[in-house]
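Whole structure, please, built from the sequences with the hints as guidance.
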Amino acid sequence: MASTVKIDVVTPERGIYSGEVEFVVIPGTMGELGVYPKHAPLLTTLQTGELRMKLPEGKEESIFVSGGFCEILPDQITVLGDVAERADEIDEERAQAAAHRAEELMKAPTEKVDLSTAEASIRKSSIRLKIAQKRKKKR
Amino acid sequence: MASGKEIKNKIKTVSNTKKITKAMQMVAASKMKKAQDVVASARPYSNKIRAVLSHLAQIHPEYKHPYIQHREEVKSICAIVITTDKGLSGGLNGNLLRNVLKFIRANKEKTLKFICIGRKGGAFLKRLDINIIGEITGISEHPKLLDLVPAITLASKEYLDGNVDEVVCFYNTFVNTMSQNPTQSTLIPVPIPEKQKLDKSNWDYLYEPEAKDVMETLLKRYIEAVLYELALENSASEQSARMVAMKAATENAGDIIEILNVTYNKSRQASITQELSEIVAGANAIG
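In the order they appear, the protein sequences are chains A and B.
Here the first sequence stands for residues 607 to 745, where the numbers follow our numbering.
Here the second sequence stands for residues 10 to 296, where the numbers follow our numbering.
Check each hint, because a few of them may be wrong.
Unchecked claim - Distance windows between CB atoms, simulated:
(1) B/Lys95 - A/Glu709: 34 to 44 Å
(2) A/Ser732 - B/Val48: 30 to 40 Å
(3) B/Val36 - A/Glu663: 43 to 53 Å
(4) B/Thr182 - A/Glu698: 37 to 47 Å
(5) A/Lys612 - B/Leu137: 45 to 55 Å
(6) B/Glu82 - A/Gly625: 23 to 33 Å
(7) B/Arg136 - A/Glu709: 49 to 59 Å
(8) A/Ala646 - B/Ala66: 11 to 21 Å
(9) A/Ser722 - B/Lys221: 16 to 26 Å
(10) B/Lys221 - A/Lys744: 40 to 50 Å
(11) A/Lys742 - B/Val83: 54 to 64 Å
(12) B/Arg114 - A/Met712: 51 to 61 Å
(13) A/Glu663 - B/Lys28: 53 to 63 Å
Hints are computed from structural coordinates only; laboratory data are not their basis.
Keep in mind the model is a prediction, meaning the values are calculated, not measured.
Just so it is clear, CB atoms sit at the ideal spot from N, CA and C, and this is done for glycine as well.
Encoded structure:
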């Protein structure tokens, strides 16, 4: 059996996921990090992205994370996200609507919302949609 | 003795009040359950972030971010006071604000700045001659992290600019349903959590991006998480204090109704006796 590492994904509001994984891809600010068990201790801030986990039974699971940071120890990975959602929690319609709204704003930026916020919002919703759709395909 | 009708009316009024307090008690009981669940679901995050911080403190005893650096002389303090928005919660806010008053008296010669979270504390502190730099209301029943961020941003800016040397927080700890403790705790400088044993003592993290940036995010998140936890704790205290207060009120109303009933019966009997004796006397006079 391949070795595994314990992972905990939490947000200030609640715990999202806790379990053993064989391999995980973490969206760090400096780029994606692929982590196997017994990784060197590492501390990184996170950007908006997809957290992909390979579970021991060969299954894969994705979690949407945005902001926060992650501590990697040889036997324990802790993801402290500002926002995190499991694939089955993502509201596709809402993400779609948010993307539309942001696109409208991109076309006609107002004073309150600048381009970078709109861009960030589009990024967030597109990643949400990607994760949600991937999950549908699998089923 | 009051007449029968008056007492009847009074009984009716008190029973109506009793119905209301009973309803409030049940509402508070269910809200308390919810508030406790929220506290429980926020716990994993604060436990984890505490663990990370204690790891960091162990491997980096020499690295001092302003947030963890104790200043030698504390000349000015910023106090965040968390109270409820609504009343009818027994002595909950009163006990807390008494502590705040003590704190004000004890730190007379220092500059004090206040941030109020919750309407009750704001109303009370505004009557005193003190400096309130911020107020957040309307969140005490369901505190959200996002609602608290302005308070943290303000307090940490004051701290980093050197305007205040310490940030403390007043809130009620939820001990159990029957008791809540008014508590004061320090937010900044961040008290380093107790050390957990690590296998190796001579190692360091890899940092992405820079150690300083990561440290900064970490400490900021930590302060946010702590304040969020305290606000949740206070909201659980609020509901349980209200439940207990309303339970007492319901019981008192029951006692009053009982006494009034006895009085009512006595007065009814007295009037019957009086009528009877009048009839007998009348009959005798004719006879």
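Comparing the hints with the structure gives:
1. B/Lys95 - A/Glu709: 34 to 44 Å: Given a distance of about 42 Å, which is inside 34 to 44 Å, the answer is holds.
2. A/Ser732 - B/Val48: 30 to 40 Å: holds (35 Å)
3. B/Val36 - A/Glu663: 43 to 53 Å: Since the Cβ atoms of B/Val36 and A/Glu663 sit about 45 Å apart, the hinted range of 43 to 53 Å holds.
4. B/Thr182 - A/Glu698: 37 to 47 Å: holds (41 Å)
5. A/Lys612 - B/Leu137: 45 to 55 Å: Since A/Lys612 and B/Leu137 have Cβ atoms about 51 Å apart, the given range 45 to 55 Å holds.
6. B/Glu82 - A/Gly625: 23 to 33 Å: violated (49 Å)
7. B/Arg136 - A/Glu709: 49 to 59 Å: holds (51 Å)
8. A/Ala646 - B/Ala66: 11 to 21 Å: Cβ of A/Ala646 to Cβ of B/Ala66: about 20 Å, so the range 11 to 21 Å holds.
9. A/Ser722 - B/Lys221: 16 to 26 Å: Taking Cβ atoms as reference, A/Ser722 and B/Lys221 lie about 23 Å apart, which means the hint holds.
10. B/Lys221 - A/Lys744: 40 to 50 Å: holds (41 Å)
11. A/Lys742 - B/Val83: 54 to 64 Å: holds (57 Å)
12. B/Arg114 - A/Met712: 51 to 61 Å: holds (56 Å)
13. A/Glu663 - B/Lys28: 53 to 63 Å: holds (56 Å)
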